[in-house]
Amino acid sequence: MPWRYEEEGDNSWGCASWFEYLVVVVLSTILLVGALVLTLFWVIYYRGGFAWSENPEIQFNLHPVLMVGGFITLSGFSILFYRLCRCLKHIYVKLAHTFFHACTIPCVVIGFLAVFDSHNLANPPIPNFYTLHSWIGLVTMGLFVLQFVFGFFTFLVCLCCENGTYSCRAAMVPIHASFGLVTFMLACATCVTGLTQKAIWKLGSAYSQWTEEGIIINAIGATIIALGVVISFAVRRSNAPATAKVYVTERL
Numbered sequence: 001m002p003w004r005y006e007e008e009g010d011n012s013w014g015c016a017s018w019f020e021y022l023v024v025v026v027l028s029t030i031l032l033v034g035a036l037v038l039t040l041f042w043v044i045y046y047r048g049g050f051a052w053s054e055n056p057e058i059q060f061n062l063h064p065v066l067m068v069g070g071f072i073t074l075s076g077f078s079i080l081f082y083r084l085c086r087c088l089k090h091i092y093v094k095l096a097h098t099f100f101h102a103c104t105i106p107c108v109v110i111g112f113l114a115v116f117d118s119h120n121l122a123n124p125p126i127p128n129f130y131t132l133h134s135w136i137g138l139v140t141m142g143l144f145v146l147q148f149v150f151g152f153f154t155f156l157v158c159l160c161c162e163n164g165t166y167s168c169r170a171a172m173v174p175i176h177a178s179f180g181l182v183t184f185m186l187a188c189a190t191c192v193t194g195l196t197q198k199a200i201w202k203l204g205s206a207y208s209q210w211t212e213e214g215i216i217i218n219a220i221g222a223t224i225i226a227l228g229v230v231i232s233f234a235v236r237r238s239n240a241p242a243t244a245k246v247y248v249t250e251r252l
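Residues in the sequence shown are numbered consecutively from 1, following full-length UniProt numbering.
Don't read these hints as lab results, they were simulated from the structure.
It cannot be assumed that every hint is accurate.
[To be verified] Beta-carbon label-pair distances, calculated as ranges:
1) Ser-208 x Ile-126: 48 to 56 Å
2) Phe-41 x Ile-225: 12 to 20 Å
3) Ala-51 x Pro-124: 24 to 32 Å
4) Phe-19 x Pro-124: 55 to 63 Å
5) Val-149 x Met-185: 50 to 58 Å
6) Pro-127 x Pro-174: 24 to 32 Å
7) Gly-14 x Leu-113: 48 to 56 Å
8) Ala-206 x Leu-146: 17 to 25 Å
A virtual CB, placed ideally from N, CA and C, is assigned to each residue, including glycine.
Please work from the sequences and hints to get the whole structure.
Here is the structure:
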């Protein structure tokens, strides 16, 4: 079992616990998918769709879609799957957790190249890495890479010597989990600052006039902020019975 606990009476979940669990799962799924769908709608309907280097301005549109899809939707599902799907064997949960994060990598790489190219190929070229959005984004990408490499070797490769590495992996669990949540929160902050920056640059004074595009951009940002709240609650909420005494927080 993922949790080891001492029996104290009836450890089965009550209706309230199951209701809370289902609300978190359903709400998280709706918000994770909704953030990506809203972003796709925004760039296709209002920003002209997608292109590559032949049209640098349109090429930029790959950046918000791939970053939201990778850092928010895929990473969010990875966190939720690992934290909430305790009915499966733990190795399968680990593999799914790794798979979702691995799928994030090409999204982030292509999204980064898209914005870098669109800035350099613009006429005149647009400077890179001077905004708060870009600074937070670089920190987020760096932490994500460290987290992925650290998690892959510590919690998958080290399983080849499971007994010998147990104490090390046990000590690393809270560190990995904490920095994983920090990375997701930074990704949310990066997306919100980027959306605000794009709205101000492209809409100008029209942004304050409640234009449709401005409302859509704000809706994407509000969805991402809501995800930060819900995901934080989901990972801190134990799925062990309420009457259980938890001695080991995670099975490694």
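Status of each hint after checking the structure:
1. Checked against the hint of 48 to 56 Å, the C-beta distance between Ser-208 and Ile-126 comes to roughly 24 Å, which is inconsistent with it.
2. Here the CB-CB span from Phe-41 to Ile-225 is close to 18 Å, well matched to the stated 12 to 20 Å.
3. For Ala-51 and Pro-124, the Cβ-Cβ distance of about 19 Å falls outside the hinted range of 24 to 32 Å, so the restraint is violated.
4. In this structure the hint that Phe-19 and Pro-124 lie 55 to 63 Å apart at CB holds, the actual value being about 57 Å.
5. A C-beta distance of roughly 20 Å is found between Val-149 and Met-185, which places it outside the suggested range of 50 to 58 Å.
6. Restraint check, Pro-127 to Pro-174: a C-beta distance of roughly 40 Å breaks the suggested window 24 to 32 Å.
7. Between Gly-14 and Leu-113 the CB atoms are about 50 Å apart, so this pair conforms to the stated range of 48 to 56 Å.
8. With their beta carbons about 41 Å apart, Ala-206 and Leu-146 fall outside the hinted range of 17 to 25 Å.
The structure fails to meet hints 1, 3, 5, 6, 8 from the earlier list, while all remaining hints are met.
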